[in-house]
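Participant: Residues per chain, in single letters:
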Amino acid sequence: MKKRLFTNHPKKFGALLAINQNIFRIFLVFFGLILLFEYLMPGFFTNWFNPLWVLLIVILSAIIMISND
Amino acid sequence: MKKSIVYFFTALVIIAIVGLGLFLFNKNIPASGYLKVNAELGKDTPIISALKPAAAVRLVDGSQELFADQVYFDLRSLKWFKGAWIEIVYQSDGRLLNGLGAQIDLAPDYNIKKPLSDVELADGWQQALFYFDFENLVVEKNVKHFVIDTVGQPDQFLKIKSINIILER
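Going down the list, the protein sequences come from chains V and P.
In this text, residue positions in the first sequence follow the numbering used here: the first is 1, and each later residue adds one.
In this text, residue positions in the second sequence follow the numbering used here: the first is 1, and each later residue adds one.
One chain only, chain V, in its complex shape (with noise of 0.2 Å):
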């Protein structure tokens, strides 16, 4: 059996990782439609937010989930 530091956690985050997982797809889509929106239009996201902040939030599920794979 493969054993690894950080993956011995019990069941139940089981449905936590797959809510990560699925926040790291829609995030990674999200900053992707960020880029296109920002190449035809500049302004459009970054005149009201900064799109670092869903860049870190990408970062941090993608961590997230390759330390528990």
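One or more hints might be untrue.
Stretch-level coverage of chain V by chain P, calculated; a stretch enters the list once three of its residues show a Cβ under 8 Å from a Cβ in chain P [said to hold, decoys possible]:
(1) 20-26
(2) 36-50
Simulated crosslink set (SDA-like; lysine to any residue; CA at most 20 Å straight-line) [stated by the list, open to error]:
(3) P:113 - P:149
(4) P:27 - V:42
(5) P:3 - V:14
For the record, the hints were derived by calculation from the structure and aren't laboratory data.
C-beta: ideal position from N, C-alpha, C; glycine also.
Given chain V, put chain P in place with the hints provided.
Facilitator: Chain P only, in chain V's frame:
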């Protein structure tokens, strides 16, 4: 049970993002046709930049003092805004406001306009109102460049209390 929790939170995230998208659409394409933005003096905001060059301006008690004949700022607005009303509330301390210009050539060349109205407010402040059509302006990535043109000696200054812009669709 577990699956329903996952679906619930996923739906929550999607609703939040759609809500944010609708908020942004409403901000960028206002139903009224007008969008009011205020400059935060001394600060660079994504829509209105701080006044430049930094050596020619000074922030005192929330108002900006201008020492140079020409001080610049940038405005980033989306393509469908065709013009802007720009209101400057100022006070003269020897230096006089000549006008406001928008960049019309890469040279750089600015078409300096006199205010459409110049009204006296309380406590010695004055309110100058300008209108600019965006049609013939130099636009780089939705950024337009403006210049505040003043006349005076280097030790004289013009105090600016606020710069408010109403974008028109």
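Participant: Does each hint hold? Answer for all of them.
Facilitator: For each hint, the structure was consulted:
no., hint, verdict
1, 20-26, "holds (count 3)"
2, 36-50, "holds (count 8)"
3, P:113 - P:149, "9 Å, holds"
4, P:27 - V:42, "14 Å, holds"
5, P:3 - V:14, "10 Å, holds"
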